[in-house]
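Q: Here are the chains, one letter per residue:
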Amino acid sequence: MHSGILAEFPSEDALVRAWEELAREGYARVTSFTPYVVRRIAGPPATTAVLWIMLAAALLGGAGGYGLEWWCNAWSYPLDVGGRPFHAAVAFIPIAFESAVLASSVVGFFAMLIACGLPRLSHPVFEIDGFERATVDRFWIGVDDADPRFEEGVADALLRMGALRCERLGGPR
Amino acid sequence: MSAAAPLELLAEEETGGEPVLLRAGSDAELTDRLLAPLWARWAWFPYAIGATALGSAVLFAVVGYTMVTGIGLWGNNIPVAWAFAITNFVWWIGIGHAGTFISAILLLFEVHWRTSINRFAEAMTLFAVVQAGLFPILHLGRPWFAYWLIPYPSEMGVWPQFRSALPWDVVAVTTYLTVSVLFWYSGLLPDLAVARDRAPTRLRRQAYGLLALGWRGELGQWRQFRVVYAVFAGIATPLVLSVHTNVSFDFAIAQLPGWHSTIFPPYFVAGAIYSGFAMVLQLMIPARRIFRLDDVITKNHLDNMGKMLLVTGWVVTYTYMLEPFLAWYGHDPFERFVMLRNRPFGHYAAVYWLVVFCNCVAVQALWVRRLRTSPAGLFVVACIVQVGMWSERFMLIVTSLQRDFLPSSWRNYTPTWVDWTILGGTISFFLFLFLLFLRVMPFIPISELKEMRREIVRRRAVEAETVVRLPLAGRGGGRA
Amino acid sequence: MGAMADPMWRGPNERAGLGGARGEFPDGADLPPEVTRRGLLQILGASAALAGTAGCSRGPPEDIVPYVNQPPEVRPSIASRYATTMSLGGYGIGMIVESHEGRPTKAEGNPRHPASLGALGTFEQASVLSLYDPARPKEITFRGEPATWEAFVSAITAPQPPGKRLHVLAEPTGSPHVADLVRRVRRRGDVVVHFWTPAARTNAWAGSRLAFGRVVEPRWDFSKADVVVSLDADFLAAAATPFAWARAWAARRRMASPADTMSRLYVVEPRLSVTGMAADERLAVQARRVREVAIALLRGVLALGVGEQPGLEAARRASASAPPSPHDAWAGAVARDLYAHRGAGLVVAGDGQPPEVHALAHAINEALGNAGSSVSYGPSPVFEAGEDSHDPALLLGAIDRDEVGALVVLGGDPVYTAPADFEMERRLARVPTTACLGGRTTRTGQACGWFLPELHFLEAWGDGVAFDGTPSIAQPLIRPMIEGKSAAQVLAALAGAPGATTRGLVEDYWRAAATGAFEDFWQTALVSGVAGPPAPHADGPAVGWADVARIASREPEVRAGLEVVYFADAKVHDGRFADNGWLQELPDPVTKLTWDNAVLVGPATAAARKLESSDVVDLIVRGRTVRAPVLVVPGVAEGVAAIAVGYGQGVADRVSYGVGADAYRVRDSRGLWFDDAELAKAAGSWPLALTQEHWSMEGRPIVLRETVAAYRARPDFARPRDARSPSLYGLWPAGVRQWGMSIDLNACTGCSACVVACTAENNVPVVGKIGVARGREMHWLRIDRYFSGAPEAPAVVVQPMLCQHCEKAPCEYVCPVNATVHSSEGLNEMVYNRCVGTRFCSNNCPYKVRRFNFFNYAADKPASLRLAMNPDVTVRARGVMEKCTYCVQRIEEAEIRARREGRPVADGEVVTACQATCPTGAIVFGDIADRSTRVSRSMENGRLYQVLHELGTQPRTRYLARVVNPNPELAAG
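Respectively, the protein sequence lines represent chains A, B and C. Using the numbering used here, you'd call the opening residue of the first sequence number 764 and step up by one each time. Using the numbering used here, you'd call the opening residue of the second sequence number 224 and step up by one each time. Using the numbering used here, you'd call the opening residue of the third sequence number 359 and step up by one each time.
Please note: incorrect hints may appear among the correct ones.
[Said to hold, decoys possible] Residues on chain A that point at chain B, a partial pick, calculated with CB under 10 angstroms:
{"#": "1", "residue": "Ser766"}
{"#": "2", "residue": "Glu783"}
{"#": "3", "residue": "Tyr790"}
{"#": "4", "residue": "Leu814"}
{"#": "5", "residue": "Ala821"}
{"#": "6", "residue": "Leu822"}
{"#": "7", "residue": "Gly828"}
{"#": "8", "residue": "Leu831"}
{"#": "9", "residue": "Gly845"}
{"#": "10", "residue": "Ser862"}
{"#": "11", "residue": "Ala874"}
{"#": "12", "residue": "Leu876"}
{"#": "13", "residue": "Arg896"}
{"#": "14", "residue": "Ala897"}
{"#": "15", "residue": "Gly916"}
Treat the hints as calculated values from the structure; they're not laboratory data. Even glycine gets a Cβ: it sits at the ideal position worked out from N, Cα and C.
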């Protein structure tokens, strides 16, 4: 999120309570900033688009690797090597496998960064002082002002829910 | 067991008392405790880094000397055309297997005690693979043409020959290195962010800021992160197994008696993890003492690592027993000669028996729990195993080449000072890199530990009585 | 199979069971590179000497006539071949030398020459390299200062003071024009000419005189011999023996079919020789006891009652009365065998044996009626053979009486090679004027006032005479690279013709000697390499039985104790080839020792004296001592310490410097060939560079060996090892031609001529002692030698091992960069430029025939030695693999020629270097796809098998199993 209300909570439990309340009130565009993944709000691991991308990369990489071997040894410049066949399928497997792994992990890594919106060295939230504790021992909830239910009042609500303080991220519309 | 696993950290009788996870009053305290080494001044560091830097310099000097003069400087001959270089290669790449094994496979099995040591192990992996990577190039007669093993469109129009195991190696090792780096780095991201936010000076803040790529711990990021990280683990697992399998193919696809064997892949993988674990211990135990981490890397870690060592040790022992049996059972005279006569009683018999002692006999001491939990004892055993595993590779390679089919070409091999220097050089270059890593990187995963602490605290709240330790659970973790 | 049945035992080096070589070798690699390189340079011959070699890119000044229809002018990249002659010990051998742009590079035998028949030995081939030796002296010197030819001539031709005369000490020569010059010089009256060489055949000549009353040379015809008995005669490989003998001997060993008859070879000898390795029955005795065996033989033969020649009865009685010898039983069996093959047997005696033994051999041959059938006699080609001029005592006496005003040494190195009791150096000092003609800086050269560089035989005109009297011309292939003279020119100077050219001298002689039109004679002589017919047989010289009786009856003084046996080395001969890197690095045919000589002792002797290989001993003969390494060699007779002469030459800056031990230092004229001796173990160890450290076949079917009887019973006993092994993949579509090679282990004697041929043809680098010791010798073709049976009387087998050009080559599929691949003609090709040097191919080669350039050997060669290189063969860089190519350059040459002439390559058109030079024709090469070729026919033999057949490599180099012909009587007991 880039603008909205940020509320700082002292503990994971407080964060979770506030999170559930906001959900009951029907807030949709809510996010959190936590030192570690809070399973109770993150929910179970879900299949993301990144995974499909990685799968595709693996298949392409494997096929590419095998294809390259075939093209080199059986098509572009076939040579009688120890009386072995040009297209030595068994011998081509290891490289095919390795290139599948290589492709999918390289692609996967960058896909993940993009999905995470990284690298992004400057972000509005970093402007808020004290936010650096979000990676240490503070739990922040952010309500995006693009949320249809959003109104500035939510800050008070968050404070009522036990937030230590609220910060306005970006100017109000 | 996975549920109980974190609790084993409670099962702790060490003088260090409660593990830091519980002793630390708050997340902040825990964080600072774990980041402390990064900000502290280490009086001994300049000496250590200086010494290893010097060693590395010697390494590169001798490597340059070899490049200029030719590998005739080594002891190699015909028939023993491979010797130290390939031995070192297999040994280092093997060591490089423990890291990924610990962080990937143990992660999949949800063996939580892995958490405190996995970053450590991963870093070790990287640096070991770097050492290994040196040799396939250096051992070439014409190293400056090493790139001919890579398919690139050339004037000659010739391509690599993919029926040979060597191109497989090239791809396997490079893949392994790349994946390990990515796996290690993505795991580092949240902790780099922590380091950024806790950094005392502006410079460090910026440095870690750059490395952290602007990690914010936002919900969406965490969701993507944990999925992809898990999948990486999933991919890395077969990769680990495949890499040393490929390395073993360098020998298995040859028809040399003593090399031409189908049990090589599992044999090599087991040996790799064996020496890998040994190396983790060799690095972990001193670090644990230097940085007083006995409440992070607890005796249970030592205990479990010891068990892993014992297990892999037995797998290796089993293959040692299997090889001669297969030779005897297979009735191949050449095979029989190498396995039943040359190795145990030949010119290098001493090496063979050293291997048996180090890898099969010495490790049995780990049946004793007191030894498993005593850092000193475990360290000694690890060192013995390390020597044993290096010697095993030497034995495999040299005793097979030195006595092959035609007795007329039989010859022995004697290493030269250049051979020894290169081996020693890689060791100090490895330590050099590792010290740098310790100095600048958070080598204990912070956010994972916090999450785990959270788990424990909650579990405590739930079942207040289980504050008593759970020795069973404690060991349960080890069996993963 | 016989060999496999034998109890296998490992070489003495392998005492520790599998314990590999005794003692580690020095770490060559421990030296800093410059030292290593200096080592290499020293090996290859000191500093580069281009000065003299500048001229050699130009052709010879006089027009010399190509061998076959070659274009008269030198065409770039097209080699021309010229016939010429090399003489060793006075016996000429015809050769054809290949020349590239005026550079002689490769010597091969001349098929038309009776001594060669197309074959050449190690010396003749390697002598080409000596031509380019950078350490060759280049200018005339007087007391070390540069001097002129004119000054020398005036100094030497100055009239001698009264009572003094000019003495010339030359090497024995067969050269007609030199002989003529000697006669001319003698006419001066004040000149005495002596002939001497350390490995002379004086004993043989004396023996002939003893038996026949005159000097004749036996002309053995082994092809007519069913039974051959060698009394310490290495007639298959010793220096200066005609290769015709080996060829003829092999003709009776072929066994193309079980029906063929096979000769039986008995050898009596003190040390294991090449001939001994080929023996069917071998008796190892001390050299001094060979005489007993000879007498026992004579007794046995005469006892069987032969002929009724006058005086024979006396000899029979005499021999019968001779004291019994422990070898009577053996000799008796041999005698019966000889008797059974009367007229088809041969008894030959070696140069190292005293005249009596030669006489006895002649007598036995005559008694059996072999004379005239399997042996005939002719005049010796050596000038004044067996006459006083060959007796060094005359010269020594003259010196001691101060009758020698000047001494001119023509070739050789008497100061170094003469028996110690000659005290040559001291005696030389007594002579006012001394001069030495030498091709190398010799100790004699240093001791003499005048030194004249001698022209290499490829630089000067000359002539020679073969063992059977066939004359031939020696034409130079290159303009002299040094300011040198030939022996003939020096003699001419003494005879008053100082300005004579070598060509002038030769032409003048033949102009007078030749019958018919000189021009035609000259042309044919040069083109064919043969200048006339052999000398006619001497009409049946009769054995003087009275003398034989005297010899037979004489009480042989039986002395106990150790005996030293000297022999001319297989690599450096009497030392004259010691600066030749090819020969120094050539493994000794028997011991596989390089870059050294050693005291060879048998296992029993070694055990008795607690000696092991590489131990250091003091060899003590008549109070003189030389320190040498020990090498334990099976088959050396008990109580014998054999040592090769020609090593330990102390002249610095030469390849030979510091190589081996100098046996001449203890050699005494009273015991020239064998003598009483003592061995005293000294401290320390002397590393020996052996190319084969393990001597047992480990019971593996590598060299198949059968008795002739068993072979006749099962003619195809080897066949199972030739069957095509099953393969997952089919065979590859065959190209037009399919090259293949067969090697007949029955014919191969292990003489190692092929190894030198390969070295010369393929620019195989020399790596030096440390290189060999480290296991880095580069020979593409090696000769494996295995022992089996009892260590004292081992069965020996040899096997040339080269790239097998496997159909399913294990080396190929492991190469990551396609650097070694298969050609459509079945060659296993090595692409040097593509090789990155992983060495995986060598690891996976079951035959270990691949060689690796651990250093930049080729580049470290002195420039002048590079001139000896074959331009048709790539020079390999550092870090690449290399191996036998089946002489692909020769294949290509033939194919290009055939293509140009629009015809298929004919059978026998492609001849590999090893095949070309093999004296016994054991190697056959050609197209195996065509059933009609020689190689295909040779492969129809039932003895055909593949080495390591079980691996399914399907080699193209295949072997014909060895068949031996032991004497059943001896086998029985």
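Q: Could you run down the list of hints and mark each one as holding or not?
A: Now the hints, each set against the structure:
Nearest Cβ of chain B to the Cβ of Ser766/A: about 14 angstroms, over the 10 angstroms cut. The hint is violated. Here the hint on Glu783/A is broken, as its CB sits about 14 angstroms from the closest CB of chain B, past 10 angstroms. Interface restraint check for Tyr790/A: the shortest CB-CB distance to chain B comes to about 13 angstroms, outside 10 angstroms, so the restraint is violated. At a threshold of 10 angstroms, the smallest CB-CB gap from Leu814/A to chain B is about 6 angstroms, leaving the interface hint in force.
A cut of 10 angstroms between beta carbons decides the hint on Ala821/A: the least distance to chain B is about 8 angstroms, and the hint holds. A distance limit of 10 angstroms between C-beta atoms decides the matter here; for Leu822/A the minimum to chain B is near 13 angstroms, and the interface restraint is violated. With 10 angstroms as the threshold, the beta carbon of Gly828/A comes within range of chain B, its nearest partner Cβ sitting at about 8 angstroms, so the hint holds. Annotation: Leu831/A was flagged as interfacial toward chain B, and the flag holds, the nearest CB pair being 6 angstroms apart, inside 10 angstroms.
Satisfaction of the interface hint for Gly845/A is found here, the shortest Cβ-Cβ separation to chain B being roughly 8 angstroms, below the 10 angstroms cut-off. Against a cut-off of 10 angstroms between C-beta atoms, the interface hint on Ser862/A holds, since the closest Cβ of chain B lies about 6 angstroms away. The interface hint given for Ala874/A holds, since its Cβ lies 8 angstroms from the closest Cβ of chain B, which is under the 10 angstroms cut-off. Using the Cβ-Cβ criterion of 10 angstroms, the hint placing Leu876/A at the interface with chain B is satisfied: the shortest such distance is roughly 7 angstroms.
Interface hint status for Arg896/A: upheld, as the beta-carbon distance to the closest one in chain B is roughly 7 angstroms, under 10 angstroms. About 6 angstroms separates the beta-carbon of Ala897/A from the nearest beta-carbon of chain B, less than 10 angstroms, and the hint is met. With 10 angstroms as the threshold, the beta carbon of Gly916/A stays out of range of chain B, its nearest partner Cβ sitting at about 23 angstroms, so the hint is violated.
Of the hints listed earlier, those the structure fails to meet are numbers 1, 2, 3, 6 and 15, in rising order.
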